[in-house]
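Make one complex out of these two single chains by using the hints.
Residue numbers (our numbering), protein chains in the order written: chain A, 430 to 670; chain B, 2 to 127.
The hints are simulated quantities; they were obtained by calculation from the structure and are not laboratory data. All C-beta atoms in this analysis are idealised placements derived from N, C-alpha and C, irrespective of residue type, glycine included.
Which bits of chain A does chain B cover? Going by a derived footprint, with three or more residues having C-beta under 8 Å, they are:
no., segment
1, 450-463
2, 490-504
3, 520-527
4, 655-661
Pairwise CB distance ranges, derived in the manner of DEER restraints:
no., chain 1, residue 1, chain 2, residue 2, range
5, A, S453, B, P97, 19 to 27 Å
6, A, P588, B, P97, 34 to 42 Å
7, A, S505, B, G119, 22 to 30 Å
8, A, P588, B, Q56, 23 to 31 Å
9, A, I488, B, T117, 16 to 24 Å
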Amino acid sequence: MTQAIRTNAVEPLPLPEGVAGIVSDWSSDQRAFKNVPWGKAMMWIFLLSDTFIFSSFLISYMTVRMSATEPWPNPSEVFALTLFGKSVPLLLIAIMTFVLISSSGTMAMAVKFGYEKNKKMTFILLLITAALGATFVGMQAFEWTKLILEEGVRPWGNPMGAAQFGSVFFMITGFHGTHVSIGVIFLIIVAIKVLRGDLDNERPGFLTGRKGKYEIVEIMGLYWHFVDLVWVFIFALFYLW
Amino acid sequence: MAHAEGQQHPVAHAGGQQHAHVEGQQHPIGIYLKIWGLLFVLSTASYLVDYFHLQGYLRWSLIIVLMLLKAGLIVAVFMHMLWERLALVYVIVVPPVLLMVLLGIGALEADYTFFTRGVFFMKGLL
Numbered sequence: 430m431t432q433a434i435r436t437n438a439v440e441p442l443p444l445p446e447g448v449a450g451i452v453s454d455w456s457s458d459q460r461a462f463k464n465v466p467w468g469k470a471m472m473w474i475f476l477l478s479d480t481f482i483f484s485s486f487l488i489s490y491m492t493v494r495m496s497a498t499e500p501w502p503n504p505s506e507v508f509a510l511t512l513f514g515k516s517v518p519l520l521l522i523a524i525m526t527f528v529l530i531s532s533s534g535t536m537a538m539a540v541k542f543g544y545e546k547n548k549k550m551t552f553i554l555l556l557i558t559a560a561l562g563a564t565f566v567g568m569q570a571f572e573w574t575k576l577i578l579e580e581g582v583r584p585w586g587n588p589m590g591a592a593q594f595g596s597v598f599f600m601i602t603g604f605h606g607t608h609v610s611i612g613v614i615f616l617i618i619v620a621i622k623v624l625r626g627d628l629d630n631e632r633p634g635f636l637t638g639r640k641g642k643y644e645i646v647e648i649m650g651l652y653w654h655f656v657d658l659v660w661v662f663i664f665a666l667f668y669l670w
Numbered sequence: 002m003a004h005a006e007g008q009q010h011p012v013a014h015a016g017g018q019q020h021a022h023v024e025g026q027q028h029p030i031g032i033y034l035k036i037w038g039l040l041f042v043l044s045t046a047s048y049l050v051d052y053f054h055l056q057g058y059l060r061w062s063l064i065i066v067l068m069l070l071k072a073g074l075i076v077a078v079f080m081h082m083l084w085e086r087l088a089l090v091y092v093i094v095v096p097p098v099l100l101m102v103l104l105g106i107g108a109l110e111a112d113y114t115f116f117t118r119g120v121f122f123m124k125g126l127l
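Just chain B, with the same shape it has in the complex (with noise of 0.2 Å):
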């Protein structure tokens, strides 16, 4: 990362100190705005897939990429994950990707689950 030493900028004059202390996550304003911009870029496009009604399964993949980039983006940069010590960042981001395994496993499932209902709701019919 080209930016991580923004965290701890030394300051220009310091004269004796080995380091100058800086309090709390302070970044240059650009990587703010570049980010935004990112954003904005990620949602028109995950739009544009309900514009041009794309099916199947280039929807799908396109809007579950597009929606885990910006959640990416959101929080390594503007909830600064990126900067935060290992101990902290995997108590945090552990658990809801244990949590998406599960929602891959039970969409996975998803066709079963359907085809149960069906069946079961079909019976009184056939």
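Excised from the complex, chain A in its bound form (with noise of 0.2 Å):
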């Protein structure tokens, strides 16, 4: 009976790029993402899930958008804002879509100050992140005041034409506040643990015993990128159709 031989592997496997890549990486007998923190894998299977919910609700617009036999409001007229005595179309979409995108580009930042671990940095820019978070929540707070009390717009009918904007409108802008909402939520409890020294001390998080790493700052990125990149498709698809 011969013995099996064991060999100590001193180099790391080599990792083939492009196709070969990802046959090798998906038929190692390990982990599939190689050199990504298990959290980044989940929080990206995360997102691809509520690409699915948000698509759902995309597909379901278009299709009532596109068979509804009343004439659908134009939502460059009922989302106009009167300024100086003249009406300016969209322009309270037009201000929200530039606040969630520069809160994008603060988040962005926040994420290559956290890697380079500075705390300071990454704490203020986590904080104007959220700031820029609530100003946009707080814009849609009273984008639907204006519509409801205003317009008189109801999920089941409003006065200028098809029905379904209404209960259209609400489901998905609404769906999309409540996931900014919950991102401000979690970008102030990241800069906390931030400037608290949490992820420097590699101190376990709240419900988990995993070691607080700056990783989560990325991870809270993506998540925070994921919001604005849906908000593009509402503003390309519900506004400027």
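As structure tokens, this is what we get:
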């Protein structure tokens, strides 16, 4: 009986690039996502499932929009703001878009400073991101109030045309606004963790034994950019259509 | 990508080590600022499409192209997909692309849906 010879792999196994890399990663009989912390891979999987939720909303919106026999209210006029006595179309929505994109920019930089272990800058940028997110939610609350009280839009009907307008609007923007609100809460939590030094001291998080690491800033960032990403689609398909 | 080496930027003093260990995704701040600016420009452009009341196929193609450009920039740079291994990229990007194909087919069929609806609801009137 021959004995199996143990060899010590001193060199890390090679990671091929390109299509060969996909084959070797998935057939490696280990974890498929190399070089990626498990939390980040799981956040991506969650975001993929969230993509499908928002996609089903947008598909149902497309269906009712294209098949509604009553005229669809013109979003350009519905969401216009009167500024200095002049009606500017979609002004509030445009500002909301810029606010959310700016928050994405500050979030991306927070991730960068996080990996550099620059506690102060990461904390400041995370707080700016949270503040911009809260501004966005506030503007959305203003928009909803205006729509419900002044324009008389309800989920079951509105004075301007197709009844489906209200139901689709409240469902899609409501779900997105919920995502932003949850994101703001978690941004503040992560900001506090950064400031307190939890990520430097590898202090375990709330409800978990996992050690704190700066990758959680990037995972938080993935969620936040996704919220911005969904807004890009809502802005184009709901407001600009 | 001129920027691709930013990920594994070796430390300047690297005496004997072959590769300095760099944790996570680290890229120069400039690329984030540039993409941020670009997103602003693209958003302004899509807002102007509405402001100038462009209509028809011009409006549609502009809205969709600007939307996809913005989405692509956010996913590629802000979410670091540009620097991930293909095994992860394909898992995340391919399903939404399939969805979009499905959506496109649905949009092409929409006039038929509208027509049958019209026939159904107009029946009493005709």
